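With the hints as extra help, turn the sequences into a complete structure.
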Amino acid sequence: MTITLSQVRAFERIARLGSFHAAAKHVGITQPSISQRIKDLEDILGVELFTRNGPRVALTADGHALLEYADRLLETADDVVVRFKRRDPLLGLLRIGVNESFGLICLTDLMRRLERQYPKLKTQVIVGDTGMVSGLLNDHQLDLAVISEPGVANHVHQVPIGRNELAWVASSDMDLPSGTLTPAQLAAHHLIVSPQTARLHTTMTNWFAQGGAMPERVSTCNSLSVTLLMVRSGFAIGLVPIRVVADEMAQGRMVRIPVTPAVGAHNVSLCYQIAQFGPNLQAIVDLTKELIAHHQLFK
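Going by the numbering used here, the first residue of the sequence shown is number 1, and it counts up by one from there.
Hints in this document: simulated from the structure, not taken from any laboratory. Errors might be hidden in some of the hints.
As the list claims (entries may be wrong) - Cβ-Cβ distance ranges computed for the label pairs, FRET-style:
id, residue 1, residue 2, range
1, L287, S223, 22 to 28 Å
2, R72, D40, 19 to 25 Å
3, T123, Y69, 23 to 29 Å
4, S6, H294, 49 to 55 Å
5, T76, N138, 25 to 31 Å
6, K25, L73, 19 to 25 Å
As the list claims (entries may be wrong) - Capping the alpha-carbon separation at 30 Å, the derived lysine-lysine pairs in DSBU-like fashion look like this:
id, residue 1, residue 2
7, K289, K122
8, K25, K39
9, K120, K289
10, K289, K299
None of the values given here were measured: they were computed from a predicted structure. Yeah, the Cβ is synthetic: ideal placement off N, Cα and C, and Gly gets one too.
Structure, rendered in structure tokens:
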């Protein structure tokens, strides 16, 4: 047998009000019914919860221990009711999906702001590529996401927030041909890009096809930060968002390779579940857009 919320609520009311009669009246049931709930609860737990002195009762040591758990259980149950009546993810767990550009540049600031404004909020952050994050949105496993070229269902709303500019980059120590490179020239080099579920991989494939070339050696990595480490080491040339390598290029550790044709940018959207939308989620949408503008993440 397992305990029920009805038993826990009956116990909490008796503990607070000091009598079975007052608790039964408050809960809206008969005194025999509330007595049965406590008997069942005591049988399940194998302890006595109250000592009785006429109409008044007092908590036993086990009763005092249970009261703390009861308060937490009832508070959680009340939170669940409020959360789903208001359809507000900020009253519980906010599930956020982001691309790695946002994760590397803006995510820390977003978490700090959420901590200040919603101190009881819990967050679950998923960092992934377009295919992964779109799939999680479509399966209702995310409330909000920043995603490039999303492929989402009708129950997800998209707000365009900019364009993620891309470039071929290499270590400044790599020996590269001078001038502007064509797809045919770049195809001879070792390249590293995101896996096939990512829009970056599709962009690379289309760029080489546009130039009538096929790259000879392509490695993949599902982590942008690790990809940047390998590019910086001279392991390969990478196709990455320009903003995430801006500091590296300014410090002279990485260089942007001039190419023709230019690599197309990705349209980025802020996506959220339509059924979850309300004033609080609008505040998170506005905050996310503010941070993107502040960090000049997208054009």
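Here is what the structure says about each hint:
1. The given range of 22 to 28 Å is respected by L287 and S223, whose C-beta atoms sit roughly 26 Å from each other.
2. For R72 and D40, the hinted distance range of 19 to 25 Å is satisfied, since their beta carbons lie about 21 Å from each other.
3. The hinted range of 23 to 29 Å is satisfied by T123 and Y69, whose Cβ atoms lie roughly 26 Å apart.
4. Taking 49 to 55 Å as the suggested C-beta distance range, the pair S6 and H294 conforms, at roughly 50 Å.
5. In this structure, T76 and N138 meet the distance hint of 25 to 31 Å, their C-beta atoms being roughly 29 Å apart.
6. For the hinted restraint 19 to 25 Å between K25 and L73, the CB-CB distance of approximately 22 Å keeps it satisfied.
7. The straight-line distance between the Cα atoms of K289 and K122 is roughly 21 Å, inside the 30 Å bound, and the hint therefore holds.
8. Taking the CA atoms of K25 and K39, the gap is about 18 Å. The hint holds against a cut of 30 Å.
9. As the CA atoms of K120 and K289 are separated by approximately 23 Å, the hinted pair is consistent with the 30 Å bound.
10. In summary, the hint linking K289 to K299 is supported, as the alpha carbons are separated by about 12 Å, within the 30 Å threshold.
Consistency note: the structure conflicts with none of the earlier hints.
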